[in-house]
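A.B. asks: If you read the sequences in order, they're chains F and D.
Under my numbering, the first residue of the first sequence carries the number 1, and numbering increases by one thereafter.
Under my numbering, the first residue of the second sequence carries the number 1001, and numbering increases by one thereafter.
For the record, the hints were derived by calculation from the structure and aren't laboratory data.
Any given hint might turn out to be false.
These stretches of chain D come out as covered by chain F in the derived footprint (C-beta under 8 Å, 3 or more residues) [claimed, not checked]:
(1) 1082-1095
(2) 1164-1174
(3) 1290-1299
(4) 1456-1468
Small disclaimer: the values here were computed from a predicted structure and weren't measured.
The beta-carbon is built from N, C-alpha and C at its ideal position, and this holds for glycine as well.
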Amino acid sequence: VVTEKGTGTPLLGVNVIIKGTTTGTTTDFDGKYQLKVSNGQTMEFTYVGYKSQEILYSGQATINVALEEDASTLDEVVVVGYGSAVKKDVTGAVESVTSDDFNGGAIVSPEQLISGKTAGVQVTPPSGAPGSGSAIKIRGGVSSLSASSSPLIVVDGVPLDQGNSGLNYINANDIESFTVLKDASAASIYGSRATGGVILITTKTGKSNQPLNVSVNHYTSVGSNVNEVDVLSSTQFRDLVLANGNANQISQLGNTSTNWQDQIYRGSLTTDTNVTLSGGFDNSNYRASIGYVSQEGTLRNSQVQRWTGSVKFIQRLLNDDLKIEANVLGALLDDTFGNTGAIGAAVSFDPTQSVFDPTSPFGGYTENVNNDGTINTIAVRNPVALLELYSNTADTKRSTGSIKFDYTLPFFRDIKLTAKGGYDYFEVDGNLNIPREAASNFNDEGLVGTYSTLNRSKLIDLYANYKKDIESIKSTIDLTVGHSFQNFYRSNRFNNLTGVGQATGNVFKTENALESYFGRLNFSYDDKYLLTFNLRNDSSSRLNPDDRSDFFGGLSIGWNIIDENFMKDSKVFSQLKLRAGYGETGQQEFGQDYGYIPRYTTGDGQVQYQFGYNTDGSPRFVTTIRPEEYDENLRWERSKTFNIGLDFGFFNDRLTGSVEVYERKVEDLINFIPVPAGTNLSNALFTNVGNLENRGLEINLNATIVENDKFSWNTNFNVSFFENKITKLFLTDDPTSPGSPTGGVAGGVGNTIQINSVGFEANSFYVFKQVYDAQGAPIEGAYVDINGDGVVDTDDRYRYKSPNPDAVFGFTSNMQYGNFDFGFTFRASLGNFAYNNVASNTGNVQALFGANTINNVNSSILDTGFQNQQLFSDYYVQDASFLKLDNLTIGYNLDNIFKDVRIRVYATGQNLFVITDYDGLDPEINGGIDNNFYPRSRNILMGLNLNL
Amino acid sequence: CESELDLEPIVEQSAADVFDDPAAYEQFLARIYAGFVVSGQQGPAGNPDITGIDEGFSNYLRQYWKHQQLTTDEALIAWNDGTIHDLNWQVWTPANEFITAMYNRIYFQISISNEFLRATADVPESEFLPAAYKAEVRFLRALSYWHAIDMFGNVPFVTDADPIGAFLPVQGSRQEVFDFIISELTEIEPIMIDARQNVYGRSDKAAVWMLLAKLYLNAEVYTGTDQSAQAIPYLENVIGAGYTLHDDYDELFLADNNTNGAQNEFIFTFNSDGLNTQGFGAMTFLVHAPVGGNMSAADFGINGGWGGIRTTSAFVNKFSASELITDERANFFTDGQELEIADVFNFNDGYAVEKFRNVTSNGVPGSDASGDFIDTDFPVFRLADAYLMYAEAVKRSATGDQGLAVQYVNLVRQRSNATPIGGFGDITDAFLLAERSKELHWEAHRRTDLIRFGQFSDQGIWPWKGNVESGTTTEAFRDLFPIPSTDITANPNLTQNPGY
């Protein structure tokens, strides 16, 4: 009998061959086999995905073999888009993370599973808002300025609509692997959408000829905020108001002490339970799961409840010539959105006031009012009232799925035809309700609103694969050609009605489509020399008809040096492969589907214009139409990437790893930029102008430090270095142009803190250079005259750092000792800077006093003593490098308590500590502008996995 | 599948189809008028016309007002929005986002006007597209070109003869664009509907005359040659067209100023409505922003003030001590306000100005019950302005009727209980400049007036000019704003104004 070593499950279809002969057999459903063997012959047991074993026959009646799953990356099969390949044959920068290596913890949004796990992939954890998604960046994520820099995500072969938010409709337990196509030569099979990289997600599948397996997983997690924004205590606040305020302002001081941040946050509870059934028969296998998560946010009144379900079914027919694979993933989410306006209000509201005021007409909450008792409309609102007198709930339905037919031609068995249909459906229905007593909407006498979103995309793929070993020339040819069509429909609307009867609303609908022809040729000679050629023709409905169709592609070569004769006997190297590739990819994912078409927008009822009077004497209002800006020449943004990689393994793969270097040049950026005045119908539009460059170095190391029956210890270390530079931004090169401002900040209206300039990093901070006194304290309003013209004015702003890190690191360790397991993941980032907008906006005396109000201020005022806002001081651009312990898990396997039942109990801590010099709440701010961020909580969870 | 890629807009209409409904011509015309008061196609905000600045800030009238007023002695702002104080202090640079927004607004108006003229070029006249539509669009385009040369000098010159898209406009000299505006106005004058005969809100012959008079009165600034004599016949046309001064100065700026009699003084207005014409610029700004301190928002028909704009002592002191009591135009709110401004950022420093309100003549608040948006219309041209312009044109050109000049000035003064002047000798430059300020303060004339009288930059001092509390002169080149650096970069045909 042949069984699987880990589980004892019988294996079907294992090849048992007498070595050196063609005599052999395969195992049956129960793993049994029979074979006539002579003494001294060697029996060879081989099975895909398992280490083969050889046993010398010496007269045994029965030979039971337990095959071990092969963890070697060499033979690992990776999906590469429209097919899969053995890792050894891959020539591009492709990296896979499988479920064994996933992060543990309370993970509702699955991209968190691979955070810190692989070089070149940055996953910024979501904010603390329940159900929110992470930002994923591949290779620094600066592949575009106005178009998307996010990777394309493909779930079981269905490219997701990049307009749909997040992956949180997928239960993390349903995912088998993430495969990241990092460089263009690999990703260019997805030509038009591959510039930001591609992430292929494969969900789990049942195995053939396996009895029903039931697994149950549950965890319960408690979360709490680690930190709060430093604001003045009520005593400090009182002192500062007394020192600086006028009589009116001083008279507004209350006599209590309220920590508003304590009032709006709470400990949060998350529970996650899911049940999976899987199994298989001779010709089919199945897997189905159902899951339920209830996740609270630490902000009061924020919560999400999620039901997920997945079904995957594979049926083989016609002697396995036809394979039908169907799968559906779905989620129902029930969101309660807390009013995040309370976060900013809590750092500003007067700490000497109490939460409640029995005389208040505003629901009994203390509020800022005018002298006549009416609500002060431009003052900060009571944070607790913002949370309590507010209801925003939404039901979200999201599903993706596909059905795929693989047919091997009976007379040309080298040819396989594939037809695939897929969809992505996303629907949100929300309700907003603000009661009339809420101070925030008091003059409107409350607000009732509804909103909805409906996005759907459909996919049809047809492709054929020809694979042939031509032994006479020691070559393998693997050719795929196909056609793909995907269409996206997106719509949303809102309708609001105030208590005084003002109705507003808007409807938006849009559509786009992509059609592609693609081909890939893999050619290998002698298993040593590899070549991959991708070619894809993409047409996008978003681009002008003359230029909408274009070719993208890539060429990459690989050399398995380890298989050369001179390496054969190496005791040191167990793997060595050199790879090099060049690829071109396109980009058309930007915020306008009809950017090349002249078109008009009808104004809503609130932007009509009075022309005279109706016959009844009432004013006659005329609806308006506006011509929209357009670029009739809109065409593809194009990236050219060069990549060199080396894969290596030492000491029988005890140490494996890879090193990659790349350079990417992006041309004809689809950029939202100002146009020459008078030449178009707005001052800026999406047009092709600008170039940028990225380069980087990535190192991935895996080490098996200890490996024996009792104790094993694996580690992964990865590091990525990034550089980016804008090389062209406008139609003409004007060296005197400062560039294109970006990065809006709080503090006044319309202020920006970042700039895109030729010769500098994207989103560089654009600030004044602060002058400090002898004690090292900043001198208010004193800045360096950078251009030396004798006056300090806006021309003296300079580009100082950027939110883009110079390097990011991941370190994972997994240990197993007997039944215990212990693992952790560290993540670090160096050279990323953040602008502390909370401090710059409110850390000054001016911010103490609003229009007839007094407001709390950021504690940085105690260091700076600033009287007025110094928004543009580089004092507030701070080094936000960090080291985070993302998670730590201890588990124990209770294998032998019940027969056939395997139980694992574990405890995980998430977001356990952060080491950083950054003064704000959290150094990890996507985009680099820190302003009233929903804090990430620290979670401690206990979990149980049950397999029967 | 190729045809699957030819997708048409769903919510928007393609240019090919939009005029299938002939009502679209009027709707397009309405949009060009609305371009001065709304900020986009979704009210009050949400689908902006121009980008790069907060949508409410981006509004044409709000920016025009700021450029004409914050740069002068009449208004100072307490907020800390971007580079807004550079306007107060006359220290702006080409990167100033407010100047950029003004410039972009002007060219948005010019561009959509050009588009209207292109779209209708081959469409025959009909009841849906009367000849007056095109003439009015050309008038509105001329109005924006006037703003362009008044503020920016030599400016990009584009007309409906140019295409949309990839070209670089040439820079028209101030003289060339001046000549273009004059020729346009002269050409459309006979096509425009007769004075006071068009529906309320649309322009007519009198609006054209008024703009011609403005151009000729300022011609020395724009072209170097005094042409004020040529303003006189156009002003005579206006004055003879049947407009009357409304008897109550305050009522000119109330929520019902389209019906309370004030409309008989208005030659051209930008219309606002609390329910149907909403935005955070225009009148919403002009009513909310000047209310703060101890002022009662309810008196202004709004739900709250924004504590932003007030005035300097230089303006207050234009009224004598007795005039401050008797002259109806001296509408200052002083309770809790200091006359002098020690702290620019403190609304309580500087007298508040009570001018635009969202209540009717009977004290009833405007139509928006929430108190956010405003019914009050903005008078662009009104008869009192024409009267004072007549007097000035007579003085400058030494032509025209001096007696009428005195009579017109006194009509304006007497309406507000100011004492009449004795004779033409009293009409000095200083008198004219001060009188225009008293009558027309906060109506977006001040910067142009100061420049015409040579008192804007290197002459003339008021508190906080030049970022000095007591005030100082600035460089003469500041009579022109810089061409925004965004357009200098985008269009290599442009030469920056001297000094920047």
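A.B. asks: Would you mind marking each hint as holding or not holding in the structure?
C.D. replies: Evaluation of the provided hints:
1. 1082-1095: holds (count 7)
2. 1164-1174: holds (count 6)
3. 1290-1299: Since three or more residues must qualify, the claim that chain F covers the stretch 1290-1299 of chain D holds, with 6 doing so at under 8 Å.
4. 1456-1468: With 0 residues close enough to chain F, the hint is violated.
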